[in-house]
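Novice: Top to bottom, those sequences are chains A and B.
Just so you know, this note's numbering puts 698 at position 654 of the first sequence, and the rest follows in order with no gaps.
Just so you know, this note's numbering puts 285 at position 222 of the second sequence, and the rest follows in order with no gaps.
Be aware that a few hints might be false.
To be verified - With the Cβ distance kept under 7 Å, some of the chain A side facing chain B (calculated, not the full set): (1) D467; (2) R471; (3) G474; (4) Q475; (5) E519; (6) R523; (7) V525; (8) I530; (9) L535; (10) V566; (11) N569; (12) E590; (13) N591; (14) P634; (15) E637; (16) T827.
Everything labelled a hint here was simulated from the structure, so no lab data went into it.
From the three backbone atoms N, C-alpha and C, an ideal C-beta is built for every residue, glycine too.
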Amino acid sequence: MKISYNWLSEYLAKKVPPTKVAELLTMTIAEVETTEDLGEKLAGVVVGVIEKIDSHPNADRLKLVTVNVGAKTLRVVCGGTNVCVGMRVAFAHVGARVKWHGENWTTLESALIRGEKSEGMICSSVELELEDQYPPKAEREIIDLKDISAKTGTPLAQALGVDDVVFTIDNKSLTHRADLFSHIGIAREVAVAAGIAFQEPKIVKRKAPKGARLEPLTLRMEEKRFCRRNMNVIMSVKVGPSPDWLKRRLESVGLRSINNVVDVTNYVMLEYGQPHHAFDASKVADHTIVVRRARDGEQVTTLDGVQRKLTRDMLVIADPEKALDIAGVMGGENSEVQNDTTRIILEVSNLDPLIIRRTSQSLGLRTEGVVRWEKGLTTPLVEKGFWRAVELLQDIADAKILSRILDKHPVKERSTGITLRYDYLTRLIGQDIPADSVQRILTALECVVRKSHGEWKVTPPIFRQDLRSEEDCIEEVARIVGYNSITPKPLLATLELPSAQADLSAEFQMIQTCIELQCAEVMNNTFYGDEERAKTGMNMPHIELENSQSEELKYLRASLLPGLLSSIEKNIRTTRNLRFVERGHIFRAPNDEHVALAAVVTGDTDRVFFDAKGMVCDLCRRLGIDIAFQPYARNGNFSAEEAFVTQAKAVNIVVRGRPIGIVSIVPLSLARSFHTDQQIGFFHLFTAPLMAASSGARSFTRLPEFPNVYLDLAFEVPDTVAFESIERAIRNAGEPLLASYELFDVYEGAQVRDGCRSLAFHLVYRAPDRTLTLEEAARVHDTIIQSLKKHFTIIVRGETSRE
Amino acid sequence: MNLKDQFKNLKLEAEKELSFLKDEKTWERLRVEYLGRKGKLTALMNELGAVAEAEKPALGQFANTVKAELKRAFETARHSVREGTSEASFDSTIPGTNFPLGHSHPITAMRNEVADIFRSLNFTVLEGNELENEWYNFEALNIPPTHPARDIQDTFFVKGGESKRGKRVMRTHTSNMQIRVMENHAPPLRAVVIGRVFRNEATDASHQHTFHQVEGFVVDKNISVANLVYTLKTMLSGIFKKDVKVRLRPSYFPFVEPGFELDFACVNCEGRGCSVCKRTGWVEMLGCGMIHPNVFKAAGYPKGAYTGFAFGMGLDRLVMMRHGIDDVRHFLGSDMRFLEQF
Numbered sequence: 045m046k047i048s049y050n051w052l053s054e055y056l057a058k059k060v061p062p063t064k065v066a067e068l069l070t071m072t073i074a075e076v077e078t079t080e081d082l083g084e085k086l087a088g089v090v091v092g093v094i095e096k097i098d099s100h101p102n103a104d105r106l107k108l109v110t111v112n113v114g115a116k117t118l119r120v121v122c123g124g125t126n127v128c129v130g131m132r133v134a135f136a137h138v139g140a141r142v143k144w145h146g147e148n149w150t151t152l153e154s155a156l157i158r159g160e161k162s163e164g165m166i167c168s169s170v171e172l173e174l175e176d177q178y179p180p181k182a183e184r185e186i187i188d189l190k191d192i193s194a195k196t197g198t199p200l201a202q203a204l205g206v207d208d209v210v211f212t213i214d215n216k217s218l219t220h221r222a223d224l225f226s227h228i229g230i231a232r233e234v235a236v237a238a239g240i241a242f243q244e245p246k247i248v249k250r251k252a253p254k255g256a257r258l259e260p261l262t263l264r265m266e267e268k269r270f271c272r273r274n275m276n277v278i279m280s281v282k283v284g285p286s287p288d289w290l291k292r293r294l295e296s297v298g299l300r301s302i303n304n305v306v307d308v309t310n311y312v313m314l315e316y317g318q319p320h321h322a323f324d325a326s327k328v329a330d331h332t333i334v335v336r337r338a339r340d341g342e343q344v345t346t347l348d349g350v351q352r353k354l355t356r357d358m359l360v361i362a363d364p365e366k367a368l369d370i371a372g373v374m375g376g377e378n379s380e381v382q383n384d385t386t387r388i389i390l391e392v393s394n395l396d397p398l399i400i401r402r403t404s405q406s407l408g409l410r411t412e413g414v415v416r417w418e419k420g421l422t423t424p425l426v427e428k429g430f431w432r433a434v435e436l437l438q439d440i441a442d443a444k445i446l447s448r449i450l451d452k453h454p455v456k457e458r459s460t461g462i463t464l465r466y467d468y469l470t471r472l473i474g475q476d477i478p479a480d481s482v483q484r485i486l487t488a489l490e491c492v493v494r495k496s497h498g499e500w501k502v503t504p505p506i507f508r509q510d511l512r513s514e515e516d517c518i519e520e521v522a523r524i525v526g527y528n529s530i531t532p533k534p535l536l537a538t539l540e541l542p543s544a545q546a547d548l549s550a551e552f553q554m555i556q557t558c559i560e561l562q563c564a565e566v567m568n569n570t571f572y573g574d575e576e577r578a579k580t581g582m583n584m585p586h587i588e589l590e591n592s593q594s595e596e597l598k599y600l601r602a603s604l605l606p607g608l609l610s611s612i613e614k615n616i617r618t619t620r621n622l623r624f625v626e627r628g629h630i631f632r633a634p635n636d637e638h639v640a641l642a643a644v645v646t647g648d649t650d651r652v653f654f655d656a657k658g659m660v661c662d663l664c665r666r667l668g669i670d671i672a673f674q675p676y677a678r679n680g681n682f683s684a685e686e687a688f689v690t691q692a693k694a695v696n697i698v699v700r701g702r703p704i705g706i707v708s709i710v711p712l713s714l715a716r717s718f719h720t721d722q723q724i725g726f727f728h729l730f731t732a733p734l735m736a737a738s739s740g741a742r743s744f745t746r747l748p749e750f751p752n753v754y755l756d757l758a759f760e761v762p763d764t765v766a767f768e769s770i771e772r773a774i775r776n777a778g779e780p781l782l783a784s785y786e787l788f789d790v791y792e793g794a795q796v797r798d799g800c801r802s803l804a805f806h807l808v809y810r811a812p813d814r815t816l817t818l819e820e821a822a823r824v825h826d827t828i829i830q831s832l833k834k835h836f837t838i839i840v841r842g843e844t845s846r847e
Numbered sequence: 064m065n066l067k068d069q070f071k072n073l074k075l076e077a078e079k080e081l082s083f084l085k086d087e088k089t090w091e092r093l094r095v096e097y098l099g100r101k102g103k104l105t106a107l108m109n110e111l112g113a114v115a116e117a118e119k120p121a122l123g124q125f126a127n128t129v130k131a132e133l134k135r136a137f138e139t140a141r142h143s144v145r146e147g148t149s150e151a152s153f154d155s156t157i158p159g160t161n162f163p164l165g166h167s168h169p170i171t172a173m174r175n176e177v178a179d180i181f182r183s184l185n186f187t188v189l190e191g192n193e194l195e196n197e198w199y200n201f202e203a204l205n206i207p208p209t210h211p212a213r214d215i216q217d218t219f220f221v222k223g224g225e226s227k228r229g230k231r232v233m234r235t236h237t238s239n240m241q242i243r244v245m246e247n248h249a250p251p252l253r254a255v256v257i258g259r260v261f262r263n264e265a266t267d268a269s270h271q272h273t274f275h276q277v278e279g280f281v282v283d284k285n286i287s288v289a290n291l292v293y294t295l296k297t298m299l300s301g302i303f304k305k306d307v308k309v310r311l312r313p314s315y316f317p318f319v320e321p322g323f324e325l326d327f328a329c330v331n332c333e334g335r336g337c338s339v340c341k342r343t344g345w346v347e348m349l350g351c352g353m354i355h356p357n358v359f360k361a362a363g364y365p366k367g368a369y370t371g372f373a374f375g376m377g378l379d380r381l382v383m384m385r386h387g388i389d390d391v392r393h394f395l396g397s398d399m400r401f402l403e404q405f
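Isolated chain A, as found in the complex:
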């Protein structure tokens, strides 16, 4: 909303500088987003009078002109074709900004022009961007200010009435304050905040001249619930252009002047916040105004020339034959005030905010009127606005009242008293505020305040429907006193440990571990579309948005994997061997929301499976969680991930006997549909069961007292033998002296027989109570070899020659 400083100042007993007004507004009422000084570009330009013209000694087309600029006279070089003695001109002092040849704004300096000094400039309209006010008739013609009566030396901005400052106020912080969508409303607040008197214009009620023959006028109010008040009158008018002051007012806040009658209705709306409408009375059948619901399918062509189809849920102002106006939203073309209009019906009503907002929304039509209606205006405003409009129409459109004044007022608001306790006020603010300040501020805001026993009975004015509770009153006091006069105070409370359950830090630690393992953390959209579902073959039901922004964003993600595969797709052309991790919410059913953690790894071999598996082990080890891997089995919990699993290359992650996630490799065909030619390994798990299993503390194993003996072992084994069973055999045979082992190489290919792979281990032997001899270790080592040979067909590498 735009507020004109000059306009606002009319209602203030004392002048408050514009910067101060902006500050008061921001700090006590609502944020001023921008302050625009309309006269700024004319700074340094004044009204001057030409006293003398001499010829230029060195140029025929230039003249030496002496200009009276108020306090003194200056001599400038001027090439204006229409320059003459006594002419009133726009004179730019040195330092003013002019648009040089109508192109670039430059700061004027004193200059020598063809050898003659020039201390300023007599301007043409293009040089000051005043073409609209002073259209140039010929080239090299200077502005002739003959229509301006201002004293010589008056700043031009002031003389032209464009010396205004316009504030743009953030509407969002005013949604509860219908009374502030007007200059009067804002002025009232500024006056209170600045501690000066507020001067509201006096409303004068008028009547038709005595003895005049009254024209009939009827008002049929069919929707009393939605139209709480309606005032009507027929007036004769002389339609014509508006006076300059009115045009300027409207233009300063961004409205276009149309004609004096329409301009008055707009002016009063901006002044009081009450929208008005004027109908051409000759177009209103039977001089009867009907307030009713629209009929389904009823059509109205609005003032913007668009034919609108209405529904029963909208309100219209009509005559007995047709709808004239979509109530509260926009007038109709069929009854528009035009240049040949001689009589109008001035109609002012109070409408229900909700019905207007819904009408505006379903028509996609938002007007200045709607902005005000939807905040909830009050009915006393109808009367104020009505009489103000009548007064202005009489003043500038030669209007005469031709009918009775109709005023139907089926619903009246009431103000109920609010009890305001002083101790609650200080408790909520956290600081003492003098009791007389409380009383003074509320009274200045036009509340009726009565004091008794440390509390007040506050009755707000009708226009403050937002003041309903004790807290509302406290806000009024505190913001006028100034929020920034409150001294900050630390919180005082018993220190308590957060509940371990609620603590999310362990979950975020898991992401951190994956990052240490070289993953880049991503955040993908919560939504995806049919394309992802088709590409991945996820055929389980998805939760769908009722009002998605696009087809690509209509489902709630059931798994993190589609997003992670898209992350790969976006980067694989430029980066190979990607690793991404994501933690996020996934949705299986309206009541089935989970937090999942998933990572994807790309690479050229099956190794990516083990990379993903290793990540799971590491992040669980960090958190002290025992996990196991079991053969992959289908499970309703993983219905969304199923599509991403290669059956033969998958395991379940098991915690406390429950499968909580999957490690697998994405089928190549699926990877290809995401334009990826590398293998994609992944894990996807639910975090909640992991967190529940987290012990938090890992127990320490005492460092061994006696040294280790290290022996390596490599052998070929048929690739049908699961590593798990080999591991078991080594462990069993090695007990108790085998302290640990590590598989350090798995090799298939040349030098290894077909259908076999070579496994290489570092084995570590140690005794708890003595230094183990090499011989002892070698004996155990041999037992292991013999056991392996007994269970499996193995060939120990390096032994081949001896067998």
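Since chain A is already given, all that's left is putting chain B on it; use the hints.
Specialist: For chain B alone, coordinates are given in the frame of chain A:
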């Protein structure tokens, strides 16, 4: 000397030679000498055949160990020869090793930082569900069905998601957790909720339908505006790692009364005015206020027993300010060129 000692000696001898190694040529000569097909180790290995059967396994194993250890020693030695260059040719301006690193998402990093600050102020850190019903997201927060914030264009609704507490919606703010926490816990409460929120808004460089919010609230018997200012000032000073000046301005949010907008003195220009603060010296940071009595009522708290404050802050903007990120869409963009900068 028995065979075993010969193996031991061979190893010691080779290790000694390797310790004096200067260049790769020598290394190759030594490798042939010790590990080559006609080298010293092979020669000893061949002698194993003559050993008594009973000793064979143990000695064989030992020999294998020595062989493995020697191989390892040669590998290590080779690396050190390769990497060590002469002093004259050493170039310290060659870039440091490019170790592969993971990357923390800047939103998560900021989330963790904010969470730590609040944890240190004795707040519980929560996240809450993203799919919510209208009651917790709106009604309980004093946002009635007729409120403009309920308009369909702002909220994502879910199909077929009717529940006893209204339609299901993607939460539009993390304030949905206020009532959920209050329902289950009696004051004193100090909680902060950090998570994803959703608005059905057109996307551009500064707007995204999905973003992240920090919601905090404190409830006790005598919580005041003065406490609110102190706490938020402390939090912002923690985030910006310097003493931050703040100011309150009046604003309106249905679930607080009075409601404020909190600005902080621009940390970029120290309040003198720059492009970050649009030349005002102040940066609009968060909405806050004293919890509305209707919210306490919805939570089932006795009337007038408690007061509290609440605030909500956008995490994305904070991250953009910190790193100078110009487009909010990067956050959900999964672009390595973005991610690897963090």
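Novice: Hey, does the L535 (chain A) contact hint survive, CB to chain B under 7 Å?
Specialist: holds (5 Å)
Novice: Does V525 (chain A) hold up as a contact with chain B if the rule is Cβ-Cβ below 7 Å?
Specialist: violated (11 Å)
Novice: Should the interface hint for E590 (chain A) be scored as holding, given a Cβ-Cβ cut-off of 7 Å against chain B?
Specialist: Cβ of E590 (chain A) sits 4 Å from chain B, so the hint holds.
Novice: Take the shortest C-beta to C-beta distance between E637 (chain A) and chain B; is it under 7 Å?
Specialist: holds (5 Å)
Novice: Any CB of chain B closer than 7 Å to the CB of R523 (chain A)?
Specialist: holds (5 Å)
Novice: Is the interface hint for Q475 (chain A) satisfied, with its Cβ closer than 7 Å to some Cβ of chain B?
Specialist: Because about 6 Å separates Q475 (chain A) from the closest Cβ in chain B, which is inside the 7 Å limit, the hint holds.
Novice: Let me know if the C-beta of P634 (chain A) comes in closer than 7 Å to any C-beta of chain B, holds or violated.
Specialist: Constraint on P634 (chain A) satisfied, holds at 5 Å.
Novice: I530 (chain A) was flagged as interface toward chain B. Is the shortest Cβ-Cβ separation under 7 Å?
Specialist: holds (5 Å)
Novice: Next item in the hint list is N591 (chain A). Is there a CB on chain B closer than 7 Å to its CB?
Specialist: The hint holds - N591 (chain A) has a Cβ within 7 Å of chain B, the shortest such distance being about 6 Å.
Novice: Against chain B, with CB atoms and a cut of 7 Å, does the hint on D467 (chain A) hold up?
Specialist: violated (11 Å)
Novice: Quick check on N569 (chain A) please, does its C-beta sit within 7 Å of some C-beta on chain B?
Specialist: Where the cut-off is 7 Å and the nearest Cβ of chain B is about 6 Å from N569 (chain A), the hint holds.
Novice: With chain B as the partner, please determine if V566 (chain A) meets the hint condition of a C-beta pair closer than 7 Å.
Specialist: OK, holds: V566 (chain A) within 7 Å of chain B, min 5 Å.
Of the numbered hints given earlier, the model fails hints 1, 7, 16; all others are met.
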